[in-house]
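Undergrad: Given next are the chains, with one letter for each unit.
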Amino acid sequence: MFFSPELGHYALALACIIATAQGIFPFIGLYYRNSLLINLTYRLAYGQCIALSVSFLCLIYAAVTNDFSVENIAMNSAVSKPLLYKITGVWGNHEGSILLWAFILSLCGTVVSLFGRHSLPTSLKARVIAILGLIAAGFELFCLTTSNPFMRIFPAPWDGQGMNPLLQDPGLAFHPPILYAGYVGFAVPFAFAIAALLEGHVDAAWGQWVRPWAITAWCFLTCGIAAGSWWSYYVLGWGGYWFWDPVENASLIPWLTGTALIHSAIVVEKRNTLKIWTILLSIGTFSFSLSGTFLVRSGILNSVHAFANDPARGIFILGLLGIVIGGSLLLFAYRAPLLTETNSTLFEPLSREGMLLLNNILLCSLCAVVLTGTLYPPFMAILTGQTISVGKPFFDATTIPLAIPLFIAMGIGPMLPWKRAHLWPLLNKLWFVIALTAIAALIASHKFYGLLPLVCATIAIWIIIASLSDIAQRVALLRAPFLTSINRACALPRSVIGVAIAHIGVGITVLGISAMSQAQHLIVEMPIGTTKHLAGYDWTLTGIAKKPGPNYMALVATLEVRNNGKLIATLHPARRHFNTQNQTIAHVSIASLPFADLYSVLGKQRTIDHTTTYVLKLHYNPLASWIWGGALIMVIGSAFSFSDRRNNHFRHILHRQHLSPSVIEAL
Amino acid sequence: MTHFSPLTRRRLLMSIPLIGAMGIGFSFWKMLTDMSAGTFNSHDINTPILNRPVPYFTLPGVIPQQGFSSTELKHLNTPVLVIFFASWCIPCLEEMPILLSLKNFLPLWGIAYKDSPYNVKEFLHNSGNPFTRLAEDRHGLVGIDWGISGVPESFLIGAGGIIRWHNPNPLTEETMTHILLPLVKKISS
Numbered sequence: 000m001f002f003s004p005e006l007g008h009y010a011l012a013l014a015c016i017i018a019t020a021q022g023i024f025p026f027i028g029l030y031y032r033n034s035l036l037i038n039l040t041y042r043l044a045y046g047q048c049i050a051l052s053v054s055f056l057c058l059i060y061a062a063v064t065n066d067f068s069v070e071n072i073a074m075n076s077a078v079s080k081p082l083l084y085k086i087t088g089v090w091g092n093h094e095g096s097i098l099l100w101a102f103i104l105s106l107c108g109t110v111v112s113l114f115g116r117h118s119l120p121t122s123l124k125a126r127v128i129a130i131l132g133l134i135a136a137g138f139e140l141f142c143l144t145t146s147n148p149f150m151r152i153f154p155a156p157w158d159g160q161g162m163n164p165l166l167q168d169p170g171l172a173f174h175p176p177i178l179y180a181g182y183v184g185f186a187v188p189f190a191f192a193i194a195a196l197l198e199g200h201v202d203a204a205w206g207q208w209v210r211p212w213a214i215t216a217w218c219f220l221t222c223g224i225a226a227g228s229w230w231s232y233y234v235l236g237w238g239g240y241w242f243w244d245p246v247e248n249a250s251l252i253p254w255l256t257g258t259a260l261i262h263s264a265i266v267v268e269k270r271n272t273l274k275i276w277t278i279l280l281s282i283g284t285f286s287f288s289l290s291g292t293f294l295v296r297s298g299i300l301n302s303v304h305a306f307a308n309d310p311a312r313g314i315f316i317l318g319l320l321g322i323v324i325g326g327s328l329l330l331f332a333y334r335a336p337l338l339t340e341t342n343s344t345l346f347e348p349l350s351r352e353g354m355l356l357l358n359n360i361l362l363c364s365l366c367a368v369v370l371t372g373t374l375y376p377p378f379m380a381i382l383t384g385q386t387i388s389v390g391k392p393f394f395d396a397t398t399i400p401l402a403i404p405l406f407i408a409m410g411i412g413p414m415l416p417w418k419r420a421h422l423w424p425l426l427n428k429l430w431f432v433i434a435l436t437a438i439a440a441l442i443a444s445h446k447f448y449g450l451l452p453l454v455c456a457t458i459a460i461w462i463i464i465a466s467l468s469d470i471a472q473r474v475a476l477l478r479a480p481f482l483t484s485i486n487r488a489c490a491l492p493r494s495v496i497g498v499a500i501a502h503i504g505v506g507i508t509v510l511g512i513s514a515m516s517q518a519q520h521l522i523v524e525m526p527i528g529t530t531k532h533l534a535g536y537d538w539t540l541t542g543i544a545k546k547p548g549p550n551y552m553a554l555v556a557t558l559e560v561r562n563n564g565k566l567i568a569t570l571h572p573a574r575r576h577f578n579t580q581n582q583t584i585a586h587v588s589i590a591s592l593p594f595a596d597l598y599s600v601l602g603k604q605r606t607i608d609h610t611t612t613y614v615l616k617l618h619y620n621p622l623a624s625w626i627w628g629g630a631l632i633m634v635i636g637s638a639f640s641f642s643d644r645r646n647n648h649f650r651h652i653l654h655r656q657h658l659s660p661s662v663i664e665a666l
Numbered sequence: 000m001t002h003f004s005p006l007t008r009r010r011l012l013m014s015i016p017l018i019g020a021m022g023i024g025f026s027f028w029k030m031l032t033d034m035s036a037g038t039f040n041s042h043d044i045n046t047p048i049l050n051r052p053v054p055y056f057t058l059p060g061v062i063p064q065q066g067f068s069s070t071e072l073k074h075l076n077t078p079v080l081v082i083f084f085a086s087w088c089i090p091c092l093e094e095m096p097i098l099l100s101l102k103n104f105l106p107l108w109g110i111a112y113k114d115s116p117y118n119v120k121e122f123l124h125n126s127g128n129p130f131t132r133l134a135e136d137r138h139g140l141v142g143i144d145w146g147i148s149g150v151p152e153s154f155l156i157g158a159g160g161i162i163r164w165h166n167p168n169p170l171t172e173e174t175m176t177h178i179l180l181p182l183v184k185k186i187s188s
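Going line by line, the protein sequences match chains A and B.
Sequential numbering from 0 applies to the first sequence in numbering that gives the first Met the number 0.
Sequential numbering from 0 applies to the second sequence in numbering that gives the first Met the number 0.
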């Protein structure tokens, strides 16, 4: 019993102390110019990470070995639970997820220590690690005092209570770590912002250091949100993918400001302006990440994703949030005015900076709208005692008018030069795109019912065509010999290609969302052997069978979907009965065709006059998988631009000499 | 504003985020303390109030059936079961056989929640129609006033339009025979 819960508990306490030292030593070291103390910081960051890994391993070990004397395991695990979910179930509950949160934060500190070794100035780096340490210390203290995952109970039960069966799903198993990596990742830009405020100095290099971190965190957050939305699509069985639930909004808000951040950081890096704004965005994004993850657990927001609520825990969290967010905003209010926009270059509204600024304004307005919609019900309840529900109609009416200009600007932005663009050359580049989009819209108008979905789909097509045409223009496709175009394409900076890919991803997602508004569904009672007709397909229920699973009993239906007599897909929707929790859940079966999802849910069975009928919910969801596919493409594009060699400060200088003047012009 | 120095002015401008965050933070603190004191519960926001009159509303019918309003419910002398349902919900379909047997005991007034008349008619045509009155809450606004959290939900309305019982789940054989029908008998006598 080396990996005992007590060792885990001890390691967590140790990590908390190390983190405190990591947060204090660099400031003392910088004040007394003691390089030993500063160098010690990096070792402390590694140490904290090691201690937390041990702590985490101990919890996983307790879960795998069914140690039900640990309260957390007894509440959330069971002997019959499959091994994978015993491991992933560790972070499926409040206590475990806080531990995971702290672990990822310590990992960020370690990575900053390792990677920023030579490129970052010592003082900036020491401050960044110190701030990460202070945040970590706060949350480890929270974990130790109010949500200790290693608490023992006596007498230990024979078997645990098991996990919510809805969570027993591979998609959800890895959703929290990815999402948390996104949330926590924004702690690094935050720490950079605070360090910059403390130093009273921000320059283009600062933007260059922050941007990779912001992009990495953004990629994880995007993946996390997409995975969560996909999970609700195929596990909850409602056929929807986004419900404007407070918990979903809590992840969307930092995503919006994070998206604004990765764009405004470009302006800092390339033009050395918008610095104060970028600092505020860094602080804001992490503040929203923190508030989102933690307020969900306080019980204030009325949500379906309920964690065990405890007001005492809430007060601790709120105090911690007050210190981190309040403290950083106070520092911002005091120090940011001293940062002057040196070399502050003016730019025209029609320019790359202008478009990036527009992007920031629109994204922040979107964020404000979503924030208002999310906080309005509890605020009205506390202020006036009125009960109000804010849902899809509000969010549709407010977000779409803001999103449309954002998407239009997205197509134009990357084509514009810095500082000042002229209208004529732009229109010259764009007439072809506009014409193609118009043709595509005409074709789409046959497929879409309703004006708004058609407008959204047209704009999605606009983004895709504009991004493709930007690349085509840059490589002079069809205007120069084909080989020249290929050569030019190879010489294009990766960031340019990455931007185009990421923007095409957005277009694909928007196209998927527009098409999903055209989804059709049907609830039917079917005896075996009958056929129903939906969206041009014949759905035949051919059989029902009982199948045992690892910790459930399943009733599995076989549905054959035919189009003009040709078999398109065979679906197996099921109902799983979990004995431990005495709960039955529907297991959705989906066939993803390139242009639509065939989606089926099995309901209850009923016998009347010796005929057994089965309730089935059938959906035809056009372009559904494009929503998540687009998100994945966004991430690939961002990662590609992140791999741009120019992100490395030293190579940047070396490589510039090899680039042709035309390419430098294109940057 | 002219007597402030430029730096002070910038500082005031840049304290706006801080002030906003403090406002939000204070409200959250108030909610948390009220929650531990038991005077505020965000999860209870939508709980309908038992033994109080039904909220005010008027709803059109799903043609050819007649809709109804809160006034009509308030002028009742015998109990009525009001049921929120939708054609897009599986439990609603599963509840239908119970409702069909229940209509022999008391009148059932249905409210089609966030649904189109066409789908509702199709749904009732397939499953059988237990409702004597059938109203349409196309945008779900009346549902909010009644505080429903999903469909199906049923409310037993006693004389004078008083909500006597609320069931936020699909009706089952058990709830019907053991809870609902004894309660109806008690109210009627």
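Hints are computed from structural coordinates only; laboratory data are not their basis.
Misleading hints may appear alongside valid ones.
What the hints assert, rightly or not - With a straight-line Cα cutoff of 30 Å, these simulated DSS-like cross-link-like pairs (lysine-lysine) come out:
#, chain 1, residue 1, chain 2, residue 2
1, A, Lys446, B, Lys120
2, A, Lys603, B, Lys73
3, B, Lys29, A, Lys531
4, B, Lys29, A, Lys603
5, B, Lys113, A, Lys391
6, A, Lys531, A, Lys565
7, A, Lys446, B, Lys102
8, A, Lys545, A, Lys603
As the list claims (entries may be wrong) - To give a feel for the contact side, a few chain A residues facing chain B, derived at Cβ under 10 Å:
#, residue
9, Ala20
10, Val234
11, Gly236
12, Val368
13, Gly390
14, Val523
As the list claims (entries may be wrong) - One side of the interface only, derived from the structure: several residues of chain A facing chain B at Cβ under 7 Å:
#, residue
15, Ile314
16, Leu317
17, Gly535
The beta-carbon is built from N, C-alpha and C at its ideal position, and this holds for glycine as well.
Undergrad: Against this structure, judge whether each hint is valid.
TA: Outcome of the hint check:
no.	hint	result
1	A:Lys446 x B:Lys120	holds, 27 Å
2	A:Lys603 x B:Lys73	violated, 37 Å
3	B:Lys29 x A:Lys531	violated, 55 Å
4	B:Lys29 x A:Lys603	violated, 45 Å
5	B:Lys113 x A:Lys391	holds, 12 Å
6	A:Lys531 x A:Lys565	holds, 15 Å
7	A:Lys446 x B:Lys102	violated, 44 Å
8	A:Lys545 x A:Lys603	holds, 14 Å
9	Ala20	violated, 29 Å
10	Val234	violated, 15 Å
11	Gly236	holds, 8 Å
12	Val368	violated, 15 Å
13	Gly390	holds, 8 Å
14	Val523	holds, 8 Å
15	Ile314	holds, 6 Å
16	Leu317	holds, 6 Å
17	Gly535	violated, 18 Å
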